[in-house]
Amino acid sequence: MSEESFLSDDFLSQLISVGDVDLLVGISSHNGQGKVGQFAPAVEEGLLRNFRRERIALVHMDAGSKNETEGPVLTESAMGKQGGIESLRTLRWITTNSETAASPDTILRTMVTAADLLHAKACAVIAPSAEGAIPARVESLLLPIYRENYDFVAPLYAHQKYDALLTRNLLYPICRTLYGKPLRELRAAEFGFSGRLAAHCLARGEWQNDGWRGGAEMWMAITAISNSFRCAQTYLGEKSRAASNAGVVEAIRRTVGGLFWCLESTQSFWLKGAAAEPLHTIGPEHQLTNKALRVERKKLFQMYRSGIADLSQILASILDAGTCAELVRLAALEENAFQLSNSLWVRTIYEFAAAYHHSVINRDHLVQAFVPIYRGRVYSVLAEHRSADPDEVEADQENLCREFETQKDFFFERWKTKGQGAS
Amino acid sequence: MSITPQADWYKDSIIYQLHVRTFYDSNGDGIGDFRGLQQRLDYLKELGVNTIWLLPFYPSPLRDDGYDIADYCSVHNSYGVLEDFKSCLAAAHERGIRVIIELVLNHTSDQHPWFQEARSSRDNPRRDWYVWSDTDDRYRDARIIFLDTELSNWAWDPISKSYYWHRFFSHQPDLNFDNPGVREAIWQVMKFWLEAGVDGFRLDAVPYLVEREGTSCENLPETHEILRDLRRRLDQVFPGKMLLAEANQWPADVSAYFGQGDEFHMAFHFPLMPRMFMALKLEDRKPIIEILQRTPQIPDTCQWCIFLRNHDELTLEMVTDVERDYMYDEYARDKAARINMGIRRRLAPLMDNDRRRIELLNGLLMSLPGTPIVYYGDEIGMGDNVYLGDRNGVRTPMQWNGHWNGGFSTADPEQLYSPLISNPLYGYQAINVDSQLRSEHSLLSWMRRMIQVRKSSPVFSRGSIEFLQPTNHRALAYVREFGKERVLVVNNLANTAQAVELDLRKYKGSIPIEMSGKTIFPRIGDLPYLLTMGPYQFYWFRLRRI
Amino acid sequence: MKDMIVHAFQQAYENFTRRLAEFLPRFLVMLIIIAIGALVAYVLKNVVRAVLRIAKVDKVSDQAGASRLLRKADLPAMTELLSRAIFWFVWLGFIIIGVSVLEITSLQQQITSLIGLLPQIFVAFLILFVGMLAANFFSRAVLLAGVNAGLPSPRVFSETIRFVIALFIISMALEQIGLGRETILIAFSLVFGALMMGLAIAFGLGGRHLARRILEKHFVHNEKGSEDELSPL
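Residue numbers (numbering that gives the first Met the number 0), protein chains in the order written: chain H, 0 to 422; chain Y, 0 to 545; chain B, 0 to 232.
It is worth saying that the hints were derived from the structure and are not from the lab. Cβ coordinates follow ideal geometry from the N, Cα and C atoms, glycine included. Check before you lean on any hint, since a few could be wrong.
Label-pair restraints from in silico Cβ distances [claimed, not checked]:
| hint | chain 1 | residue 1 | chain 2 | residue 2 | range |
| --- | --- | --- | --- | --- | --- |
| 1 | H | ILE15 | Y | SER151 | 22 to 32 Å |
| 2 | H | ILE15 | Y | GLU465 | 39 to 49 Å |
| 3 | B | GLY177 | H | ALA202 | 49 to 59 Å |
| 4 | Y | ILE519 | H | ILE15 | 20 to 30 Å |
| 5 | H | ALA202 | Y | ARG355 | 32 to 42 Å |
| 6 | Y | GLU465 | H | LEU292 | 53 to 63 Å |
| 7 | H | GLN37 | Y | TYR386 | 48 to 58 Å |
| 8 | Y | GLN451 | H | ASN226 | 56 to 66 Å |
| 9 | H | ILE15 | Y | ILE510 | 47 to 57 Å |
| 10 | B | PRO75 | H | GLU393 | 51 to 61 Å |
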């Protein structure tokens, strides 16, 4: 059993009173217990539909709460009785206060620790503002783990064709290329994991390492992939926009920084050259929609241009001279002539990753320097896909993945030795 | 010692349920009898029980283990004669043990002279003593109780060429309680036995006395009126006698059988029983708490009867479909153990012969509100035989020792009314009274001590109950209170050690004294009272103010 | 008188030769000591270098991040730096011993006071070194934050930060070695204060609308602003 001193006495006491469970479901919110109260009945219904006999505990973790937790999420009379279904057992709710749940990483760490202490067989983390059929989402994440012995279940979403570009242009191709698994949502707010995986993650001790600073969910996914755990992905429908409302800079700091850190800690796995393997997918593989979205295209291009100009010195210490020069050349072009090609994008990413590995400058600064380039890429993609249908967009995705694959050897080389840009 | 008259003696009863046939054979014919029972009364006295409930011993074709009565006012010749019964009754009274007997109101055997007369012709005076019909489509809303064997509640009588109504087996035609003659006849039967000295009756199948079109034919107002009338006559002529209702219904429906204290004195709490078993498997107090919270208040003079097992299957009628499936999956994986809508197993096999679980359930039985009933053989952990057909597997001979026929009978083993349990785990060689009497640590010795502890305080038999709600749902904790006396009962329903924190501020300053060992525990203060409990452990604490 | 002058010259010449005769051996001994010292220091340097290499000090220094700092300051690797430091330390010791053999008091005093100043100079260089690194770090952080937030002229902010920090650490370094202590302090306070006042006026008055927008963006959560609806994840 793991010993974690970051658990508060109150939380630990609640865990003791709950005892062993079969299923553990975590619901995170940010200073918004009211929202959780609205959607808790749906979560319970999802559990009771398929798991009426199982021992279940639900953990509500409120990050950044300014108040003490306001008591139980549901009234006692409502607990365990949802959707006309009554559970055989007491359905337990555990709540945490702001001490324990200070950040998304701490939330996941709390969940993983609780799962280990309670010997949970299957766990799921649910985003509180998830739209659509919540009971079905709960089932989709838990059933493969509890009934089919999977260890990690990632979600699959329907995206608007301009959405989730960081995921589609960086996380997904990297995961597919370097780890051999086509995991679409490497960093998701909702996913499922087994008690086995939780115990493994706890034993590794990365929770004490502050070098990653963010992306615990991604780290967990990569740990699962790179350690022969059984992984799957399941379709959950449309992704909630509220759940992914992070600003670009913060998203890149956490995501790109987290990704690079994960690459470093798992280099012994992917440097060997992981073989591509299919991933068990439940439901549709991937869906893109043409829904309307407000986009500030001009601003993206301007920020790319000014970013490249202002950060040229920093970029020179990270990237090769040729790559740098190309980015600068693009910045000088007119808006309608601008295109950040797949080839340049991939090369830039690989050089950034290698530079991160060699710590050519402070790592957080390095990741921040990536932001204007990402903005340029987004602008480029928006222009390219303006009149494209979802199938064409998906075809371009495949081309991008092939480009990542093509430049893989270059990346391995750069990773192992310092490149020109690194000073 | 003899019986001390007391109006509500049944509240302090600890009832031992047995069939005279199963208990002890005095004449070597392979069947237990009243003389044999009389010889074993000292055992029951030492055990600590103070009431015996005898299953039907009337003349009967025995197609339903005696519940098909062919003569209400006699004793089946296999068990002796009426004088044997009266002698046994007197001997029981001398030892301070009361006796209640079975009375099957709802139906008789088709061999009963009443039915023989009724079917002989449509004009016979007793024709109307049973419920007849030319078609079998009346009372369509009444459910079939013995689903495994009966397809209809109507049976065709080839003699009188009409259908007769039967809620149970087809050889058990229902009496027609709309007929005043029937009601008077039943009263006369009761009077016969009361004058013989019995202390009360367990009335079988009471919800089904009356039928009305468009109803479920259960729990009808007319049924209650008939029962109230019987009770009135009983109180007038034989005060201090007790009526116990067998009504397998939800608590709200059963509580109607108490009336305003003018119907039954006691009734079985059927829905509680499967939930005790369920709570143990779920390791969760929820089923027990919920059913007891749903149990309505009953008149002060009345009392629930609670039990773990009996001569019938562990009935799962009063649970939901999901709960029934769960119980089958957990307790009756072998489908041979399933019958009707229940499980035909004894307590020990249901508990996988786990001594701790057996003790815990008996602890619940002795400490929850109600008069407890111990089924014969469960005090030594007897096993069962699901292959004997019907529910006969839980009605095997009592195991007295490890010798010939388990000490039950001197007859040849083939002559016994039922084979003995003889497997290595539960067989009479391993499980018997004599060997358990030799050990202070046997289940029998433990049961005797527990019964003594229960009898040491009226709080168990007459006290109120207040459930505590510790956050650990594996703990079932409650306080029984009667007058100034308080007992705290804490049960660990889990297979693992548990820490339980109890909010006992209401009892601040009291010192808990564990009742079986009389050990003193730390005084109750403001902080949550922490108890650490082993798997399936339970405590009874007397809360004393010193 | 002529005899007196000749006698005086003879005396002076004899004194000179006597002192020279006294000095030269000491000087020679000093040279020998210094030479031996150099040899000993050199041997010690190599021994220390070998020991440090066996102990993999360079690797530890890499992991601690100190190697990076040394590279940025154009200093050699840790092993080399330490072994060279040992060399100079030991040789300096021998030089002091050698000089003490000459028994020139004033020279000894000067050398002593110079040696006494060495720690201060070392600390001053350390302050400059660390300070420059900090200036680089913070100015880069401000530049990146400004660029990514879309602020106008982020380089101005970045260079201002660098300048202020540089000014600060130079003042500290000079103060450390005791050069014009009070002058430096007063001058620094004046310049720093004026700069801050100027920035406050420029930002708070001239750029008050921009200030307001920035503050609102950071502290008023429910305002969406003109961000697009694209979500990166």
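Practice item. Hint says 56 to 66 Å; check whether the CB-CB distance for GLN451/Y and ASN226/H agrees. Key: 60 Å, holds
Review point. Taking the CB of GLY177/B and the CB of ALA202/H, does the distance hold inside 49 to 59 Å?
Key: This hint holds: roughly 56 Å between Cβ atoms.
**Study point:** Range hint compliance [Cβ, ILE15/H to SER151/Y, 22 to 32 Å]
**Key:** 56 Å, violated
Review point. Do ILE15/H and GLU465/Y keep their Cβ atoms within the hinted range of 39 to 49 Å?
Key: 24 Å, violated
Review point. Given a hinted range of 47 to 57 Å, is it respected by the beta-carbon distance of ILE15/H and ILE510/Y?
Key: Since ILE15/H and ILE510/Y have Cβ atoms about 26 Å apart, the given range 47 to 57 Å is violated.
Point to revise | C-beta pair PRO75/B, GLU393/H: status relative to the range 51 to 61 Å that was hinted | key: With a Cβ separation near 54 Å, PRO75/B and GLU393/H satisfy 51 to 61 Å, so the hint holds.
Review point. Holds or violated: 20 to 30 Å for the Cβ distance of ILE519/Y and ILE15/H?
Key: Hint holds: Cβ distance 26 Å, inside 20 to 30 Å.
Review point. Honestly, do GLN37/H and TYR386/Y meet the 48 to 58 Å range at C-beta?
Key: Holds: the Cβ-Cβ distance is about 56 Å, inside 48 to 58 Å.
Review point. How does the Cβ-Cβ distance of ALA202/H and ARG355/Y compare with 32 to 42 Å: does it lie in that range?
Key: Since ALA202/H and ARG355/Y have Cβ atoms about 34 Å apart, the given range 32 to 42 Å holds.
Exercise for review: Evaluate the given range 53 to 63 Å for the C-beta pair formed by GLU465/Y and LEU292/H.
Suggested key: The hint (53 to 63 Å, Cβ to Cβ) holds, given that GLU465/Y and LEU292/H are roughly 60 Å apart.
In terms of the numbered hints stated before, the structure departs from hints 1, 2, 9, listed from lowest to highest.
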